[in-house]
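First to last, the protein sequences are chains A and B. Take this note's numbering: the final residue in the first sequence is number 391, and no numbers are missing along the way. Take this note's numbering: the final residue in the second sequence is number 598, and no numbers are missing along the way.
A few of these clues could be false.
[Stated by the list, open to error] Pairs of lysine to aspartate or glutamate, DMTMM-like flavour, derived with a Cα cap of 20 Å:
{"#": "1", "chain 1": "A", "residue 1": "LYS305", "chain 2": "B", "residue 2": "ASP211"}
{"#": "2", "chain 1": "B", "residue 1": "LYS128", "chain 2": "B", "residue 2": "ASP211"}
{"#": "3", "chain 1": "A", "residue 1": "LYS218", "chain 2": "B", "residue 2": "ASP5"}
{"#": "4", "chain 1": "B", "residue 1": "LYS110", "chain 2": "A", "residue 2": "ASP157"}
{"#": "5", "chain 1": "A", "residue 1": "LYS317", "chain 2": "B", "residue 2": "ASP176"}
{"#": "6", "chain 1": "B", "residue 1": "LYS461", "chain 2": "B", "residue 2": "ASP170"}
{"#": "7", "chain 1": "A", "residue 1": "LYS205", "chain 2": "B", "residue 2": "ASP170"}
{"#": "8", "chain 1": "A", "residue 1": "LYS317", "chain 2": "B", "residue 2": "ASP211"}
{"#": "9", "chain 1": "A", "residue 1": "LYS309", "chain 2": "B", "residue 2": "GLU152"}
None of these hints come from the bench; they were simulated from the model.
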Amino acid sequence: MGYQPDRSQYPQQREDGSLDIDLTSGKYLKLWQGPQHPGITGNMSVELTVCGDEVVEGKTHVGYLHRGFEKLMERRSFIQCFPIVCRICVPEPDFNEYCYAAAVEELAGIQSPERADWIRTLILEMGRINSYLMYLGGQAGSLGQGVIGQWTTYVRDLMLDRFEELTGARIYHMFILPGGVRGDLPDGFNKRMEETLCEIENVLKDVYETMFCNAVFKKRTVGLGYIDPELIEPYGVTGPTARAAGVAKDVRKDQPYLVYPELEFEPVVGTDSDVYARADVRRRDLLMSVDLVRQILSKMPNDGKLMTKLPNVLHWKIPRGETYIRGECSRGEYGYYLVTDGSGFPRRVNVRGPSYTHAVALLERLIVNINISDVAGLMVSLHTYPPEIER
Amino acid sequence: MSIRDVLSPFTAWKYLFRDPVTITDPLNERPGAARYRGFHQNDVQACIGCGTCETICQNAAIDMVPVEEILTESGDSGLRPRIDYGRCCWCALCVDICMTGSLTMSNEYKWVESDPDAFRFIPGVDKKHWDDAELGYRRPEGHRLTPARRVEMHELEPETRIGSFAEIVDGYSVADGLLEAERCVACGLCVATCPTHMSIPDYIAAVRDGDYERGLALLYETNPFSEVCGRVCTHKCETACAVQHEGEPVAIRWLKRHITDQVPYERYREIVGDPAPATGKRVAIIGAGPAGLTTAYDLARKGHEVVVHEERENPGGMPRYGIPEYRLPYDMIDRDVDLIRSLGVKIHCNSRVGTDVTMDQLQQEYDAVLLSIGLHLGRSTRIPGSEHQQVTKAVDLLRAITDGEEIEAPRQVVVIGGGNVAMDIARSMARLQKQQHGEVNLTVTALEDFAHFLADPEEVKECGEEGIEILDARGPQGIMLDENENLIGLKTWHVVSIFDEQGRFAPSYDESDEQIHQGDMVIEAIGQMTDVSLLSEELTEKLEWNRGRLAVDVDGRTSESWLWAAGDCVKGPDVVHAVADGHRAANSIDSYLKEKTV
Ligand code: SF4
Ligand code: SF4
Chain A
1 MGYQPDRSQY
11 PQQREDGSLD
21 IDLTSGKYLK
31 LWQGPQHPGI
41 TGNMSVELTV
51 CGDEVVEGKT
61 HVGYLHRGFE
71 KLMERRSFIQ
81 CFPIVCRICV
91 PEPDFNEYCY
101 AAAVEELAGI
111 QSPERADWIR
121 TLILEMGRIN
131 SYLMYLGGQA
141 GSLGQGVIGQ
151 WTTYVRDLML
161 DRFEELTGAR
171 IYHMFILPGG
181 VRGDLPDGFN
191 KRMEETLCEI
201 ENVLKDVYET
211 MFCNAVFKKR
221 TVGLGYIDPE
231 LIEPYGVTGP
241 TARAAGVAKD
251 VRKDQPYLVY
261 PELEFEPVVG
271 TDSDVYARAD
281 VRRRDLLMSV
291 DLVRQILSKM
301 PNDGKLMTKL
311 PNVLHWKIPR
321 GETYIRGECS
331 RGEYGYYLVT
341 DGSGFPRRVN
351 VRGPSYTHAV
361 ALLERLIVNI
371 NISDVAGLMV
381 SLHTYPPEIE
391 R
Chain B
1 MSIRDVLSPF
11 TAWKYLFRDP
21 VTITDPLNER
31 PGAARYRGFH
41 QNDVQACIGC
51 GTCETICQNA
61 AIDMVPVEEI
71 LTESGDSGLR
81 PRIDYGRCCW
91 CALCVDICMT
101 GSLTMSNEYK
111 WVESDPDAFR
121 FIPGVDKKHW
131 DDAELGYRRP
141 EGHRLTPARR
151 VEMHELEPET
161 RIGSFAEIVD
171 GYSVADGLLE
181 AERCVACGLC
191 VATCPTHMSI
201 PDYIAAVRDG
211 DYERGLALLY
221 ETNPFSEVCG
231 RVCTHKCETA
241 CAVQHEGEPV
251 AIRWLKRHIT
261 DQVPYERYRE
271 IVGDPAPATG
281 KRVAIIGAGP
291 AGLTTAYDLA
301 RKGHEVVVHE
311 ERENPGGMPR
321 YGIPEYRLPY
331 DMIDRDVDLI
341 RSLGVKIHCN
351 SRVGTDVTMD
361 QLQQEYDAVL
371 LSIGLHLGRS
381 TRIPGSEHQQ
391 VTKAVDLLRA
401 ITDGEEIEAP
411 RQVVVIGGGN
421 VAMDIARSMA
431 RLQKQQHGEV
441 NLTVTALEDF
451 AHFLADPEEV
461 KECGEEGIEI
471 LDARGPQGIM
481 LDENENLIGL
491 KTWHVVSIFD
501 EQGRFAPSYD
511 ESDEQIHQGD
521 MVIEAIGQMT
531 DVSLLSEELT
541 EKLEWNRGRL
551 AVDVDGRTSE
561 SWLWAAGDCV
571 KGPDVVHAVA
581 DGHRAANSID
591 SYLKEKTV
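This is chain A alone, in the form it adopts within the complex (with noise of 0.2 Å):
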């Protein structure tokens, strides 16, 4: 790996590579920021060793929200762990309901219904765009613009309002089940959708507005957090991050699953690789699952089953194999790899958020020489959960 950071001005590295920090000199102060901590992206916290107001090291702990998934797992029935994989991300709880139904479909050789493909599809990019408006208030509010998470918040609301009559729930939607969805479309849906989405898109112009076209956070954001394109690659970053480097990263085109094949669209890319690129990334990436869910509302069969014939899942034994199974999140590739040993229990699920990558190994690279006061907007732009790194 070429690159490394740049250290010249500040500690001196020690004979085995770790820093020569000497606390006790009175230059260097330890500061602890998380988990409990308005700037901090959920349930973790970095440690930060500083030297004036500039952080010269960040070490990540997480850990405070392990509940033992993939480990609860392996003593549950398939049809059991449906209502556990949602948890494992708690604002686009859908991807791990679909990776984890395909998954297990895949295995036990069953095939979910045409018309569920689409509503699953439709769910995933509902999602997308709660999870992308939940970020832009984030991403404002750890500059201190609180009034855009109370916007997005407001449109959000909306959302959920349409989730909960298509899923009979606000969060934990618990639809995309192993063999299809649970529901039809309610009557009327279609209309209802519409203005939550011109809801939506109104607010995302005062967005524009007010964020976006701002010199104060063009002034914070602007050159903050560059991530070399060359580290995309070996730091295994994906979504929206990888692609505001430029590197059009999209698994919804580079390996379409569900209804993807049939929607128009083209992957958002920008190029400067900094925390406000990859704010404009997400923003227009919002607006383009606007468009792919009125694509999906116009295109979808009219009628058709939404499960397909399922054994008894009381006693569902599912053969010998293993599979990964992949999907676009708002934050990037999340993937499942499901291992079966023709029990009645997963032997292995193994569970792959975006999150590990970005909020560990990437986020203790980028923080390095950055100003306190930008950690929270960095850690922010990259738009991870917690509970998906310690599932």
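Dock chain B with the ligands against chain A, hints included.
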């Protein structure tokens, strides 16, 4: 950076002039969506307490608990789900799997209480303000987590089977057996209903695991007549099956047969295991039917010496002499009987108690005696003309067929009766007619109407397929004879009702609806009774009786301390009840023998 970037943010001020989007009072009524997964509701009358909801709940939020006023009965455990909202995650898997559709969710989501323990309740029993909510999550139509339809059992086509006494039912293939076994939800309601409490969910699980030997061990633990019951059991268990409420019950009987089909007979003896060391106690059993031989099986396994006296040429009792071969091939009975013999049970055939050996002798030579003499005497309708020689009883004919006697099938036959025995004799005679005359010409006249029919529905259906005419609600009034005293038919009237207001048997007829059913022979299949002539007069006097049947206590013991009775002769006709009775008698005899030793 431009001047626009400085001015643009001020557009946010326009929000000052907009209505707030937040709800000012958070306790405003805001009903959940139509399919909201809110608090649970349960229609406790429809719920059967199967506990499938409890099984699927991955949070262990559900406990099945007894509920006052809900009785435990066949097909209902009497328990109802209690849900702990400290654990529930509102996934609604319980609703999706509910076997009756009784469990649903309301769209209510507010419940305020200061006591944390209050959030554990029995939906439908503990009254809640959302009990009547009309909206909320219901399992969508067609959304099933368990297969509703039974795997079809292949049978001989009617045209083929009517020509012979070959067994009709094929039995499941391994693949079909597996599919059918998969449908079971293992609630165990059937175990309570099965008279002999076979471990049904366990042996079905053995089928799913492909471990047929384990399955066979489980079968023969509770039922030494598994080959027989796997074919002709009245399968009361299937009437309790949870799956039937929103589908067809699991084919429990066929799965039992499937296990016996899959295990080579040579393996049976080893799987059942050796009897316990000999105790030196001796038991005599009269009648080698299911009840007697079950007692023999149990006692032999416990190490007692058992001798069985059987009046007829072959052991097997009613299953052999009352059930036609096309339903139960004789060699299948032989398998079960031979297994029992292999445990050391001695069966003396052609040995009639009362003639070849007396009750007194048995009482003296043995430590205990069991009477299991079945119901081998046919009842008569006693209608005018019923003593005519062309009027016969179903049991006698069936016995003659089993014994291989030459029977000349009349060209036209009328059967009186609507139970399974009537169907058995009708279908047997139909086969003989087909063999001898090339066509079936047979009418069954039943007292009951089809809505209250006694015979199994599949028997009725198969009769129809085989060309037998069944007339319901016809009461026999007299045998029709011609001037030469030859039988020419049966006269019936339409039945208006069978029982009087007190529920006593007192049929009333509509005389204006009279029919003559032509025939050269009339067969009475209206019930059987026990032939008690083998008991000495003195013993008959001493014993207690209950409406013509021997009176016994719950364990099958008669009023004489050395004598037990079991099976059809005390309980009425049914193989699996006889098996259950046999176990009870065996247990009771065994304890008695142990006491005697002490
Ligand atoms: S909703 Fe889910 S968690 Fe709650 S009781 Fe039913 S199965 Fe259990
Ligand atoms: S699954 Fe349905 S019928 Fe069975 S106990 Fe639960 S609520 Fe009652």
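Status of the hints after comparison with the structure:
no., hint, in the structure
1, LYS305(A) x ASP211(B), "36 Å, violated"
2, LYS128(B) x ASP211(B), "47 Å, violated"
3, LYS218(A) x ASP5(B), "8 Å, holds"
4, LYS110(B) x ASP157(A), "19 Å, holds"
5, LYS317(A) x ASP176(B), "16 Å, holds"
6, LYS461(B) x ASP170(B), "17 Å, holds"
7, LYS205(A) x ASP170(B), "72 Å, violated"
8, LYS317(A) x ASP211(B), "16 Å, holds"
9, LYS309(A) x GLU152(B), "17 Å, holds"
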